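Chemist: These are the residues of each chain, in order.
2 protein chains.
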Amino acid sequence: MEDLMQKVISLAKRRGFIFPGSEIYGGLANSFDYGPLGVELKNNIKQEWWKRFVQKRSDVVGIDAALIMNTKAWEASGHLENFSDPLVECKKCHARLREDQIQDSKCPSCKGKEFTKPKNFNLMLKTFLGPVEDAANTVYFRPETAQSMFVDFKNILDTSRQSIPFGIAQVGKAFRNEITPGNFIFRMREFEQMEIEYFVKEEEWEKYFDEWLGEMKQWLRDLGVSEKKLHYVDIPDGERAHYSKRTVDIEYDYPFGQKELYGLAYRGDFDLKNHMEASGQDLQYTDPKTNEKFLPHVIEPTWGVDRSVLVAMLEAYHEEEAPTAEEGESAMRVVMKFPFWIAPVKVAVLPLVKNKSEVVLKAKEVFGLLKERFACQYDETGAIGRRYRRQDEIGTCFCVTIDFDTLDDNAVTLRNRDTMAQERVPLDSLASTIQERLYDKNN
Amino acid sequence: MEDLMQKVISLAKRRGFIFPGSEIYGGLANSFDYGPLGVELKNNIKQEWWKRFVQKRSDVVGIDAALIMNTKAWEASGHLENFSDPLVECKKCHARLREDQIQDSKCPSCKGKEFTKPKNFNLMLKTFLGPVEDAANTVYFRPETAQSMFVDFKNILDTSRQSIPFGIAQVGKAFRNEITPGNFIFRMREFEQMEIEYFVKEEEWEKYFDEWLGEMKQWLRDLGVSEKKLHYVDIPDGERAHYSKRTVDIEYDYPFGQKELYGLAYRGDFDLKNHMEASGQDLQYTDPKTNEKFLPHVIEPTWGVDRSVLVAMLEAYHEEEAPTAEEGESAMRVVMKFPFWIAPVKVAVLPLVKNKSEVVLKAKEVFGLLKERFACQYDETGAIGRRYRRQDEIGTCFCVTIDFDTLDDNAVTLRNRDTMAQERVPLDSLASTIQERLYDKNN
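Heads up: the protein sequence lines correspond to chains E and F, in order.
Following our numbering, the numbering of the first sequence begins with 1 at its first residue and continues without gaps.
Following our numbering, the numbering of the second sequence begins with 1 at its first residue and continues without gaps.
Think of the hints as simulated: they come from the structure by calculation, not from any bench.
Misleading hints may appear alongside valid ones.
Copies of one chain are not kept apart here, so a pair can be met inside one copy or by any two copies together.
Unchecked claim - Computed cross-link-like contacts, DSS-like style, restricted to lysine-lysine with a CA-CA straight-line distance of at most 30 Å: (1) K356 - K229; (2) K117 - K207; (3) K56 - K173; (4) K51 - K354; (5) K337 - K51; (6) K293 - K46; (7) K356 - K117; (8) K207 - K371; (9) K7 - K217; (10) K371 - K201; (11) K354 - K201; (12) K201 - K293; (13) K56 - K337; (14) K293 - K364; (15) K229 - K217; (16) K56 - K364; (17) K119 - K362; (18) K371 - K91; (19) K207 - K364; (20) K207 - K46; (21) K117 - K201.
Because the structure is a prediction, the values reported are computed rather than measured.
Could you build all of it, start to finish, from the sequences and the hints given here?
Modeler: This is the structure we're talking about:
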């Protein structure tokens, strides 16, 4: 299992999905950059999420708020006081550790057993706005996207003509000064969230909680995540935040253990109440029918963007025995079986040979045509079998091969990534055939 | 002219395009949040840019790099030493000012004439990674997207099979601790860039410089920016960075003066050379034909995302005398004449009346149909004329009105935002008619 993690990390680096940030300078504390394929994969996920949960719904609107917020917001939300982890230091090797993550009470570095007393270490990244580095100018990068949706609640209510139930959605970065970041893009200090605050009447919270749980399950199916690796963990009484009547952690069997992927929380009116008291602004909602004023309650589904990418890559990774029908093809192939909609490259256009100008010209013509509609790659280097393997490894859904026959019959070979089945398709209907296959609900 | 700025700011706030960040807490030093309409407008711009300059081209690949980079990168790039503004303090009122922005040598607050000696104030936002706030843990948020594309150059070259000329593109946030932010979203401490580093052979730099200048001009036309408000300012010898043989600032006549919008710079091999020396890594490119090794030279076109939004809004804002054909319509209308492709809402569906269930049901059916394909709003509140005005004010391209006749003839009224012309369109062909009009090249 750990092996799978190493294979995915290695493929991610080798093929330009994800590589260490600032790598030529020795990297930077578990930070990562998305490369050419990774950024397309990630954008496909973010854009589908936005389309599904914002644009196609009439009851959800989006925002994009500043990453740095007024410090009073973090006082009101409790983050300034409570958003911390218990930090201890190993007395022997001075490693700094999260007390709650130490297993068997031994230091993971030196096996030492003595630690300093834990102190609360606030996880927010601080900076200074303006020319003087003092307390008055100290501000924080948001540790979650959520609070800006509460702080902007009134502005959105006033301008968007929504009535309850309705949601505010946001996709964006958040920052946590984790004591021990790690596991590739699983825990980074700089990460991205997709989050919705869904405002409801208190008496309807259970109905909408269930509805969003259903939406999250459907999303996971569409992302290609195996049901059997998912755990819907109902957080028991006493372990939930005091204001929450129900919280479900959606956990996944990563190669490094069962850990959090997404979360769904019922937050009551805790946040709006805090911000109303601290700001002195009336954040109540007025029912247009009854004129009743009240603070809405909140259902909060949260998706990690980077974790979505990680899980999608872990699930997609396959090694298969493959027939060696083609020259240069190895008997083993690595294939990223992404659901078609997230695949960074949909189609590769491959001239069978690169030393016949008619074939190459035709291939470029086909490429020109297809790249207007699909994310496409053109590749003419190496034996055709090797090129198929190269495309399999990045999860390209279809390969289109232009050969000598194409010049006569105006048709090409269309190869399916998963079945490796090849069929002859007339150029006239190539784009529409690919379109159909890509958006076939069974894929 | 200043008036136009106030009108746009007020509309942006009133209609949920853009409002002050953390507003219920008194805001935060010229920070702004994009609301429901603003985020769609901004996303339309970013996504079209990505489609045009990354996905539809075979010679440009994208990345999305971490916002915090290894400090060695900022040493190598010169930012740590030189990315600063001259900071002075007024001796009378202690206002902190940028020396190069003081006009007539008078303090803008108190008209004082004496200032402290200027000191170099570094504009990068610093923070601390890890549990100790000391020099070793000090890191900086990037002040530009550019450097990560140079730092990642080798990883991208090794994984993307590109050969020169080719480009690396990125859309993302950057941060500058401006001494005097201001002018709405023109100068914020947290802002977004769209940027390309285009790598060429030294002897071909002029050709590609001109090509990118052409691309930027075409982009500005498509964004709806008047030619006559644009200034292509060739930065003269002695004012350019020492490594640049040509830099063009693309400036715009904002209501507050002629100031920078976009930029295009020829940066030579300055950046790759610096990072190669500082990192000790070989960042040279090997010509696949001649096997010659060399450092590519760079053409850098940069687009401000927030400035694109600002200019699009300033250009779109119109006040017009309008015929008062409809009840409740005022003789004056405010209309945001966005190019259709950036408009946050493409179609509004309006039942003529809201108290006839057949009309309302039909309208909801039409809405259900259209919102699968277009960004849609449904509005049944108020007189139809007032609803047209409401949609004009947010730049909705088309209004579809469902009336009593619709129940008989299965046709609706389609109203064009700019001409206000109304035509009867059968429901069968409504979606395709709208599609055609929206993507008609003349709009």
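Chemist: If a hint holds in the structure, say so; if it doesn't, say that too.
Modeler: Hint by hint, here is what the structure shows:
Taking the closest pair of Cα atoms, K356 and K229 never come within 30 Å of each other, the shortest separation being 49 Å inside a single copy and 51 Å across copies. In this homomeric assembly, K117 and K207 never come within 30 Å of each other (Cα to Cα): the closest approach is 44 Å inside a single copy and 65 Å across copies. For the identical chains of this complex, K56 and K173 are neighbours both inside a copy (23 Å) and across copies (27 Å), given an alpha-carbon limit of 30 Å. In this assembly of identical chains, the alpha carbons of K51 and K354 lie at most 30 Å apart only when taken from different copies (28 Å versus 41 Å within one copy).
Both within a single protomer and between protomers do K337 and K51 lie at most 30 Å apart by alpha-carbon distance, with minima of 23 Å and 24 Å respectively. In this assembly of identical chains, the alpha carbons of K293 and K46 never lie at most 30 Å apart, being 35 Å within a copy and 39 Å across copies at closest. Taking CA atoms no more than 30 Å apart as the test, K356 paired with K117 passes in neither setting, with 74 Å inside one copy and 71 Å between copies. Proximity of K207 to K371 under the C-alpha cut-off of 30 Å is restricted to the inter-copy arrangement: shortest distance 25 Å between copies versus 44 Å within a copy.
In this assembly of identical chains, the alpha carbons of K7 and K217 lie at most 30 Å apart only when taken from the same copy (27 Å versus 45 Å across copies). In this homomeric assembly, K371 and K201 come within 30 Å of each other (Cα to Cα) only across copies, at 27 Å, whereas the closest approach inside a single copy is 48 Å. Taking the closest pair of Cα atoms, K354 and K201 come within 30 Å of each other only across two copies (25 Å); inside a single copy the shortest separation is 65 Å, beyond that limit. For a Cα distance limit of 30 Å, the shortest separation of K201 from K293 inside one copy, 11 Å, qualifies, whereas the shortest one across copies, 67 Å, does not.
For the identical chains of this complex, K56 and K337 are neighbours both inside a copy (27 Å) and across copies (24 Å), given an alpha-carbon limit of 30 Å. Taking the shortest alpha-carbon separations for K293 and K364, only the inter-copy value of 29 Å comes in at or below 30 Å, while the best intra-copy value is 64 Å. When the C-alpha separation of K229 and K217 is checked against a cutoff of 30 Å, the pair qualifies only within one copy, where the shortest distance is 12 Å, while the shortest distance between copies is 51 Å. In this assembly of identical chains, K56 and K364 lie within 30 Å of each other by CA distance solely across copies; the values are 14 Å between and 36 Å within a copy.
Proximity of K119 and K362 under a CA criterion of 30 Å is satisfied in neither setting, with 68 Å inside one chain copy and 63 Å between copies. For the identical chains of this complex, K371 and K91 are neighbours neither inside a copy (60 Å) nor across copies (62 Å), given an alpha-carbon limit of 30 Å. For the homomeric pair K207 and K364, the shortest alpha-carbon distance between copies (24 Å) is at most 30 Å, but the shortest distance inside one copy (54 Å) is not. Taking the closest pair of Cα atoms, K207 and K46 come within 30 Å of each other only inside a single copy of the chain (26 Å); across copies the shortest separation is 37 Å, beyond that limit.
Taking the shortest Cα distances, K117 and K201 never come within 30 Å of each other, neither inside one copy (44 Å) nor across copies (60 Å).
When held up to the earlier numbered hints, the structure conflicts with 1, 2, 6, 7, 17, 18, 21 and fits the remainder.
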